[in-house]
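Student: If you read the sequences in order, they're chains P and R.
Following the numbering used here, the numbering of the first sequence begins with 5 at its first residue and continues without gaps.
Following the numbering used here, the numbering of the second sequence begins with 2 at its first residue and continues without gaps.
It should be emphasised that the hints constitute simulated quantities derived from the structure, not laboratory data.
Fair warning: there could be bad hints in the mix.
[Stated by the list, open to error] Lysine to any residue pairs mimicking SDA-like chemistry, simulated, CA-CA at most 20 angstroms apart:
#, chain 1, residue 1, chain 2, residue 2
1, P, Lys-60, R, Glu-102
2, R, Lys-10, P, Pro-44
3, P, Lys-56, R, Lys-10
[Claimed, not checked] Over 10 angstroms on every C-beta distance to chain R, these chain P residues come out as not near it, computed from the model:
#, residue
4, Met-11
5, Leu-23
6, Lys-64
7, Gly-97
8, Ser-99
9, Gly-108
[Unchecked claim] A few chain P residues that face chain R, going by a derived Cβ cut-off under 8 angstroms, partial list only:
#, residue
10, Ser-36
11, Leu-50
12, Lys-60
13, Arg-71
14, Asp-88
15, Ala-109
On a predicted model such as this, the values are computed, not experimentally measured, just so you know.
Quick reminder that beta carbons are idealized off the backbone N, C-alpha and C, glycines included.
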Amino acid sequence: GDSVTQMEGPVTLSEEAFLTINCTYTATGYPSLFWYVQYPGEGLQLLLKATKADDKGSNKGFEATYRKETTSFHLEKGSVQVSDSAVYFCALGFSGGYNKLIFGAGTRLAVHP
Amino acid sequence: NAGVTQTPKFQVLKTGQSMTLQCAQDMNHEYMSWYRQDPGMGLRLIHYSVGAGITDQGEVPNGYNVSRSTTEDFPLRLLSAAPSQTSVYFCASSFAGGENEQYFGPGTRLTVT
Chain P
5 GDSVTQMEGP
15 VTLSEEAFLT
25 INCTYTATGY
35 PSLFWYVQYP
45 GEGLQLLLKA
55 TKADDKGSNK
65 GFEATYRKET
75 TSFHLEKGSV
85 QVSDSAVYFC
95 ALGFSGGYNK
105 LIFGAGTRLA
115 VHP
Chain R
2 NAGVTQTPKF
12 QVLKTGQSMT
22 LQCAQDMNHE
32 YMSWYRQDPG
42 MGLRLIHYSV
52 GAGITDQGEV
62 PNGYNVSRST
72 TEDFPLRLLS
82 AAPSQTSVYF
92 CASSFAGGEN
102 EQYFGPGTRL
112 TVT
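Chain R on its own, in the form it takes in the complex (with noise of 0.2 angstroms):
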């Protein structure tokens, strides 16, 4: 199993331009969810999904979409990029609700100018 996967691992945008994270995981969770890791805050929810065609708002949605078409894939779309978005993405799925361990990728750094 390759579990959570992430692509790019790195990418530099400017600012106004839109790009599409792309998050997989190959262990048929139903939950996945998208955070951003920045300096002294932890990690915050932007996004999350209970299942395929079901997708709600975290903590920090503003600027971010998601949809969730099948159990395997979450992509995180920026529509209008800002130097605020700048930050460590990380994807994570797990079986089910948020007593269960959930499983991160290896992250995306974005950079944003």
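Okay, chain P solo, but in the shape it has when bound (with noise of 0.2 angstroms):
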């Protein structure tokens, strides 16, 4: 079946650090992908999307390409902040009157100052 798997955090950085985080997925089709970030006591919102190969979704000097040879979508920004703290889910959601996404199980991301 269709799924998710991004890396095993937590992920402890120092202020200034480059992020990787990475995601792949197994899936029929041609989903879109996504990251969605959590901040503490929080629900999750919308970081980025791509919606098909080779797109590139970037938001908040985030950036993640959907490769489709490789099945993933890992999540990157070169420079990270204390406020970059949080737990990032990577997630795949179909079209065609679906309403699902199906998610990683989350990497808690720690910048530290």
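Got two chains here, separate frames each, mind docking them using the hints?
Tutor: This is the structure we're talking about:
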């Protein structure tokens, strides 16, 4: 079945370090791919998305590229800040009347000054 | 716009009790969903709805009921609470199917003793 695998956390970085959070997926068909972020005590909010192969989603300095050949959607940021500390979820979703996202387990990021 | 609202924020139940988690959205979204979030497992879909009067089961529907009598509201009912239902519950809504951004409520933390 369809699934998302992302790297286990926690990921601990110093401020201004480079961030990569790996995400790979298994899907029948052609899903859209998402990164959602959950700040402490809050619900999830969309960080970025890509809807087809080779699309790059970007927002707030974060980027991820939809790689169909490697079934991956890795999240990157060149210089993290303390305010980026959160849990990041990779997810996939399908069009055509469905209303479900399939989430990875989440990766907690802690950024220290 | 208030977005997606959920009540209550916290709830403690005894085994066997029933209760309803409320969810409302003011964005005129057709699609609404309920997820539960458990440590190390990401979010799992409980039930979803693609419009008023239409609901369907997700990945983990047992022990939960839903109904959708209006576009705005999508309550989740726990019929007879069990300790395994201790979790954080999120309601989400979207304009259309799984390829679109979902907007999440702030969550309800439920403990069943």
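Student: Now tell me if each hint is right for this structure.
Tutor: The hints, checked one at a time:
no. : hint                   : result
1   : Lys-60(P) - Glu-102(R) : holds (16 angstroms)
2   : Lys-10(R) - Pro-44(P)  : holds (14 angstroms)
3   : Lys-56(P) - Lys-10(R)  : violated (37 angstroms)
4   : Met-11                 : holds (13 angstroms)
5   : Leu-23                 : holds (19 angstroms)
6   : Lys-64                 : holds (15 angstroms)
7   : Gly-97                 : violated (3 angstroms)
8   : Ser-99                 : violated (4 angstroms)
9   : Gly-108                : violated (5 angstroms)
10  : Ser-36                 : holds (4 angstroms)
11  : Leu-50                 : holds (5 angstroms)
12  : Lys-60                 : violated (17 angstroms)
13  : Arg-71                 : violated (18 angstroms)
14  : Asp-88                 : violated (19 angstroms)
15  : Ala-109                : holds (5 angstroms)
When held up to the earlier numbered hints, the structure conflicts with 3, 7, 8, 9, 12, 13 and 14 and fits the remainder.
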